[in-house]
Amino acid sequence: MVHPTSLFSQILSIISTHEFARTAKELRSDRYAKGFSSWDQFVAMLFCQVAQSKSLREICDGLRCCLGKLNHLGVATSPKRSTLSYANAHRPWELYERTFYQVLKTCTGAACPRKKKFRFRNKLLSLDASVIDLCLALFPWATFRQTKGAVKLHLLLDHDGYLPTYVHITDGTTHEVNIARIVKLPAHSIVAMDRGYNDYELYYAWTRGEIYFVTRQKENAAYEVIEERTCPRIGTFDQTSSSGSPARSRN
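Per the numbering used here, the very first residue in the sequence shown carries number 819; after that it's consecutive.
These are calculated hints, taken from the structure and not from any lab test.
Note that the coordinates shown come from a computational prediction; the quantities given were computed from them, not determined experimentally.
One should not assume that every hint holds.
[Unchecked claim] Straight-line distance between alpha carbons at most 25 Å, and here's what the computed DSS-like set of lysine-lysine pairs gives:
#  : residue 1 : residue 2
1  : K923      : K1002
2  : K852      : K898
3  : K941      : K923
4  : K898      : K872
5  : K843      : K898
6  : K843      : K923
7  : K1036     : K970
8  : K1002     : K941
9  : K970      : K872
10 : K970      : K1002
[Claimed, not checked] What follows is a set of in silico ranges between Cβ atoms, one per label pair, in the way DEER data are often shown:
#  : residue 1 : residue 2 : range
11 : V1032     : V985      : 42 to 48 Å
12 : Q920      : N1038     : 48 to 54 Å
13 : Y980      : R1047     : 30 to 36 Å
14 : Q1035     : R875      : 55 to 61 Å
15 : F957      : R999      : 23 to 29 Å
16 : L864      : I1000     : 24 to 30 Å
17 : Y1022     : G927      : 23 to 29 Å
18 : D946      : N1038     : 18 to 24 Å
19 : Q867      : R1034     : 35 to 41 Å
20 : S900      : Y984      : 34 to 40 Å
21 : R875      : Q828      : 25 to 31 Å
22 : R999      : Q1035     : 36 to 42 Å
Glycine included, C-beta positions come from ideal geometry on N, C-alpha and C.
Using the sequences and the hints, build the whole thing.
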């Protein structure tokens, strides 16, 4: 017999209640709790994110409507607004920081394949941006074109666990290179991207920070061949500089 579970319950199943309780005990986050534990607070604030609640009233009223379904989530009653407000102001935030990294470790282990076809000494990252279409009638703030709405998702993917390490959402007209300038990359890492991130000042800053990058060259780029090398497998290729007069490279 199949026992269906709610989406909210499936999200909570990723989090280890034993690890959460042990961390809460170490940080003594429940030392002044009277019927409203740190787990109850976590469930309430997670409900706030999933239900897109805008106030404490919406959180408490929403949980009260689901009161009969909260027992399997480990929550006995819906909190009062004052109780939830006090917990948010006085509970240690380190508890939820540790919970985040525990979940990240679990997801990384599940997403990372056992064997990799390619192995690099340096950390490999991918930087890209995608336009997400939206309906202007429902999202009038997401102006993109005259009759079209959109937002742009900027994402930095870490190939070690195939999970995003940086996510930024802007309006659809923001150029991706503006976000690339504020992303902090670790030294000696390799970042792969498309030609939309072409910015020589950014490349120079990465070079000074010992960050390697791989991208396609623009067709109208002016460059000068400064050294030519030969690879037995793929033939002759050129090492070029962005300064100087145009030159024709060989493949």
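Against the structure, the hints come out as follows:
About 21 Å separates the Cα atoms of K923 and K1002, which keeps this hinted pair within 25 Å; it holds. Distance hint between K852 and K898 is fulfilled; the C-alpha atoms sit about 12 Å from each other, no more than 25 Å. Only pairs whose Cα atoms come within 25 Å are accepted, and K941 paired with K923 is accepted, the gap being roughly 17 Å. For the hint linking K898 to K872, the alpha-carbon distance of about 16 Å falls within 25 Å, and the restraint holds.
For the hint linking K843 to K898, the alpha-carbon distance of about 24 Å falls within 25 Å, and the restraint holds. Pair hint K843 plus K923 holds up; C-alpha atoms about 21 Å apart against a cutoff of 25 Å. Distance hint between K1036 and K970 is fulfilled; the C-alpha atoms sit about 23 Å from each other, no more than 25 Å. Straight-line distance between C-alpha atoms of K1002 and K941 comes to about 14 Å, which keeps the hinted pair within the 25 Å bound.
Our distance criterion of 25 Å between C-alpha atoms is met by K970 and K872, whose separation comes to about 23 Å. Taken as a hint, the K970 and K1002 pair is honoured in the structure, with Cα atoms around 19 Å apart against an allowance of 25 Å. As the Cβ distance of V1032 to V985 is approximately 21 Å, the hint placing it in 42 to 48 Å is violated. Here the CB-CB span from Q920 to N1038 is close to 49 Å, well matched to the stated 48 to 54 Å.
Taking 30 to 36 Å as the suggested C-beta distance range, the pair Y980 and R1047 conforms, at roughly 32 Å. The hinted range of 55 to 61 Å is satisfied by Q1035 and R875, whose Cβ atoms lie roughly 56 Å apart. Checked against the given bound of 23 to 29 Å, the beta carbons of F957 and R999, roughly 27 Å apart, stay inside it. Taking the beta carbon of each, L864 and I1000 are about 29 Å apart, inside 24 to 30 Å as hinted.
Between Y1022 and G927 the C-beta distance comes to about 38 Å, which lies outside the given range of 23 to 29 Å. For the pair D946 and N1038, the supplied restraint of 18 to 24 Å holds, since their beta-carbon distance comes to about 23 Å. For Q867 and R1034, the hinted distance range of 35 to 41 Å is satisfied, since their beta carbons lie about 38 Å from each other. At roughly 37 Å, the beta carbons of S900 and Y984 sit within the given window of 34 to 40 Å.
The given range of 25 to 31 Å is respected by R875 and Q828, whose C-beta atoms sit roughly 27 Å from each other. Distance hint check for R999 and Q1035: the Cβ-Cβ separation is about 20 Å, which falls outside the suggested range of 36 to 42 Å.
The structure shown violates the earlier hints numbered 11, 17 and 22.
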